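Student: With the hints as your guide, set chain B onto chain A.
2 protein chains.
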Amino acid sequence: MLNFELYNPTNLIFGKGQMEKLSSLVPAGSKILLAYGGGSIFKNGIYDQVMTNLKGFEIVEFGGIEPNPHYETLMKAVEIIRAEKIDFILAVGGGSVIDGVKFISAAVHFEGNPMDILQKRLLIKENALPFGTVLTLPATGSEMNSGSVVTIKATEEKLAFGGSAMFPKFSICDPTVIVSLPKRQIQNGVVDAYTHVLEQYLTYPHNALLQDRFAEGILQTLVEVGPEVVENPADYTLASNFMWCCTMALNGLIQKGVPSDWATHMIGHELTALYGIDHARTLAIIGPNLYRVMFETKKGKLAQYGKRIFNLEGTEDEIAEKAIEATVAFFHKMGMQTKLSDYTEGYENTASFIVNRFDDRGWKGLGENQLVTLEKVKDIVEMSY
Amino acid sequence: MLNFELYNPTNLIFGKGQMEKLSSLVPAGSKILLAYGGGSIFKNGIYDQVMTNLKGFEIVEFGGIEPNPHYETLMKAVEIIRAEKIDFILAVGGGSVIDGVKFISAAVHFEGNPMDILQKRLLIKENALPFGTVLTLPATGSEMNSGSVVTIKATEEKLAFGGSAMFPKFSICDPTVIVSLPKRQIQNGVVDAYTHVLEQYLTYPHNALLQDRFAEGILQTLVEVGPEVVENPADYTLASNFMWCCTMALNGLIQKGVPSDWATHMIGHELTALYGIDHARTLAIIGPNLYRVMFETKKGKLAQYGKRIFNLEGTEDEIAEKAIEATVAFFHKMGMQTKLSDYTEGYENTASFIVNRFDDRGWKGLGENQLVTLEKVKDIVEMSY
Chain A
1 MLNFELYNPT NLIFGKGQME KLSSLVPAGS KILLAYGGGS IFKNGIYDQV MTNLKGFEIV
61 EFGGIEPNPH YETLMKAVEI IRAEKIDFIL AVGGGSVIDG VKFISAAVHF EGNPMDILQK
121 RLLIKENALP FGTVLTLPAT GSEMNSGSVV TIKATEEKLA FGGSAMFPKF SICDPTVIVS
181 LPKRQIQNGV VDAYTHVLEQ YLTYPHNALL QDRFAEGILQ TLVEVGPEVV ENPADYTLAS
241 NFMWCCTMAL NGLIQKGVPS DWATHMIGHE LTALYGIDHA RTLAIIGPNL YRVMFETKKG
301 KLAQYGKRIF NLEGTEDEIA EKAIEATVAF FHKMGMQTKL SDYTEGYENT ASFIVNRFDD
361 RGWKGLGENQ LVTLEKVKDI VEMSY
Chain B
1 MLNFELYNPT NLIFGKGQME KLSSLVPAGS KILLAYGGGS IFKNGIYDQV MTNLKGFEIV
61 EFGGIEPNPH YETLMKAVEI IRAEKIDFIL AVGGGSVIDG VKFISAAVHF EGNPMDILQK
121 RLLIKENALP FGTVLTLPAT GSEMNSGSVV TIKATEEKLA FGGSAMFPKF SICDPTVIVS
181 LPKRQIQNGV VDAYTHVLEQ YLTYPHNALL QDRFAEGILQ TLVEVGPEVV ENPADYTLAS
241 NFMWCCTMAL NGLIQKGVPS DWATHMIGHE LTALYGIDHA RTLAIIGPNL YRVMFETKKG
301 KLAQYGKRIF NLEGTEDEIA EKAIEATVAF FHKMGMQTKL SDYTEGYENT ASFIVNRFDD
361 RGWKGLGENQ LVTLEKVKDI VEMSY
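Just so you know, the sequences run in chain order A and B. Using the UniProt record's numbering, the first residue of the first sequence is number 1, and each one after it goes up by one. Using the UniProt record's numbering, the first residue of the second sequence is number 1, and each one after it goes up by one.
Note that these hints are calculated values from the structure, not bench results. Just so we're clear, the structure is a prediction, and the values are computed from it rather than from any experiment. Among the hints, a few may not be true.
Since the list gives no way to pick one copy over another, a pair counts as held whenever it fits inside one copy or between any two copies.
As the list claims (entries may be wrong) - In silico lysine to any residue, SDA-like type, Cα no more than 25 Å apart, as pairs:
#1 K333 - Y385
#2 K376 - V60
#3 K183 - G362
#4 K16 - N207
#5 K43 - N369
#6 K125 - F353
#7 K31 - D235
#8 K322 - Y275
#9 K31 - D87
#10 K364 - L274
#11 K85 - Y347
#12 K31 - S180
#13 K85 - S341
#14 K153 - N113
#15 K31 - Q337
#16 K364 - V50
#17 K16 - E5
#18 K125 - M115
#19 K333 - Q370
#20 K21 - N207
#21 K21 - P9
Chain A extracted, bound-state conformation (with noise of 0.2 Å):
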């Protein structure tokens, strides 16, 4: 086991009616604002609950927070906090909304240009304006990390940054929330979480056995919940062992004392960037063919990972391979489509713009052991055609 740091100070709000202790969790006197993202908390009464429950706070709103938040949408929120002297955020939306959130909150006492926050990957651990969430859309943890992805719209870059001034203050999660999302929503909140699981333990086999045993905990469970959850989203013991799921997937805890990989996340940003594919659909694009590629390095842990999730029996190889194939068979089951080709047209020099932006950047090797290499990366985009 790797030696750790575990400091998670979100207080994390779960469970059906929670809103109504919004008023108490918000500093008394706050002047808020209010950021959410195109609009969705006004058909599903959110935006509704959440006045009902801020009642005497002044509260100065922003809408308009994309997916893969936008760097300079972002910067609008931090002049009007700076102009209008406020000094708390309530984001109320999914990952891209919490992620926009955090880095408006890291942003508006930065010294020098914010940018830098992005581009220089800068820890940001002190002078972050105080900021707590309602999730509207469960999928990347980022209500109870402090972590967050920004995109410079200008560069086409999609870039991660955090520190531990990123948590939220509080996160309140509601499973019933997702009742009123779509269908693709689901889907992709359901395979964005499996793969943050499996980035953390699809390494090699190592000694952090308890690790291991929570890692397979929420694999188990998103298999078991995943498809059922798409068509049943009323359902409450799938809603929320879906949305804890998602949560207990990037907190911070079944990454603590492994190595990680991250290199899918990598690749996978660079084509949501390009082609504006849903950050889940690229990692299932991705993440199959990384350990393809991989494969004589990951194939103990995904042995492991075959007899444990899918109770497949063989020899390490074959369990291995088997274990490839039923994860994008899973894929298939929660409506992901898994070649590039599926989503795009014009895809023919897709590696190697992705390899010399890589390679711009001084990248040499990604994952746990920095052995997906450049080359390495092309034949993985290359085979997800």
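Tutor: Frame of chain A; chain B shown alone:
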């Protein structure tokens, strides 16, 4: 899944050699009460490590916190803190020292009679003196939770209390400390953690699928590493997984959204108060008999446990029965004796004594559904003779 709030701000620092972070964790300029137990930290080198890493801090020592820490002892520390104007406490020890320090922390600024904290089970949400811990004995999870159990010697009562101000600011958990522990204490640690999980898991079938998987993950890991770690405490894989299981068994996570029992602990505490039997061993005495007496309400979950942890087969009733026997066998493998008569003579009136004491406290029924009535408590204790 039941509604829940998850809030745990303890900064947990886990691994080999983490003690060197100590000086950066204690607030600069603090005057520290260094609290410890019977003096084992002088033999195993931890005292020296702590002092080396706290050079420059003003330190007042308070040793002699006993197992099942006494109110009477802890109040002496409270007097010292008040007289010496100490502003931080460092607990160096196992669950008893940490639990004791939680009480000290709560009592220093408490207005009124501090005994009320225990006897009225007050929730401590503020005005606590900040404290950190260096864990020397994995077992109770106290290093990452906000609960504590303290014994009032004068009345022979062992009483629990807690509250959100009772989380340690930090806990340093270095698995190599277990090398110097007596076998008996490692055995106790494994059984204590295992029973902590059972208290939160062996209730009735419910819909918190992921929480069950996490609980089972801890149980499986303890079954795998428990017997071995007693023999090979220097094996880092065994030591680190054992220690991490103990923390995760009772840091609040697996309890969120599920019913919990705790009747085994309530009864077990009385055996410790009466006969001084090690806490974990009281759990090994009482637990299996509680499952036998409460078989009808617990058999659904017992069967799930039997299938998933011990790969048992048969009808639900058969698996449930065998699961109890497998638990007893595991406790025996962990060096536990599982009858009261193995530990003491003159036990014949224990059941009625405990029942009378519970009755005096107004306790009518314990357990997840308050179905462990005083009659059932009597049966359980008598079955344990």
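Student: Against this structure, judge whether each hint is valid.
Tutor: Evaluated hints:
| no. | hint | result |
| --- | --- | --- |
| 1 | K333 - Y385 | within (20 Å within a copy, 55 Å between copies) |
| 2 | K376 - V60 | neither (48 Å within a copy, 59 Å between copies) |
| 3 | K183 - G362 | neither (39 Å within a copy, 52 Å between copies) |
| 4 | K16 - N207 | between (38 Å within a copy, 14 Å between copies) |
| 5 | K43 - N369 | neither (46 Å within a copy, 40 Å between copies) |
| 6 | K125 - F353 | neither (34 Å within a copy, 55 Å between copies) |
| 7 | K31 - D235 | neither (37 Å within a copy, 55 Å between copies) |
| 8 | K322 - Y275 | neither (30 Å within a copy, 57 Å between copies) |
| 9 | K31 - D87 | within (6 Å within a copy, 34 Å between copies) |
| 10 | K364 - L274 | within (21 Å within a copy, 65 Å between copies) |
| 11 | K85 - Y347 | neither (46 Å within a copy, 70 Å between copies) |
| 12 | K31 - S180 | neither (29 Å within a copy, 55 Å between copies) |
| 13 | K85 - S341 | neither (48 Å within a copy, 70 Å between copies) |
| 14 | K153 - N113 | within (16 Å within a copy, 62 Å between copies) |
| 15 | K31 - Q337 | neither (44 Å within a copy, 61 Å between copies) |
| 16 | K364 - V50 | neither (46 Å within a copy, 41 Å between copies) |
| 17 | K16 - E5 | between (32 Å within a copy, 12 Å between copies) |
| 18 | K125 - M115 | within (17 Å within a copy, 40 Å between copies) |
| 19 | K333 - Q370 | neither (32 Å within a copy, 43 Å between copies) |
| 20 | K21 - N207 | between (41 Å within a copy, 24 Å between copies) |
| 21 | K21 - P9 | both (18 Å within a copy, 20 Å between copies) |
Hint violations for this structure: numbers 2, 3, 5, 6, 7, 8, 11, 12, 13, 15, 16 and 19, all remaining hints satisfied.
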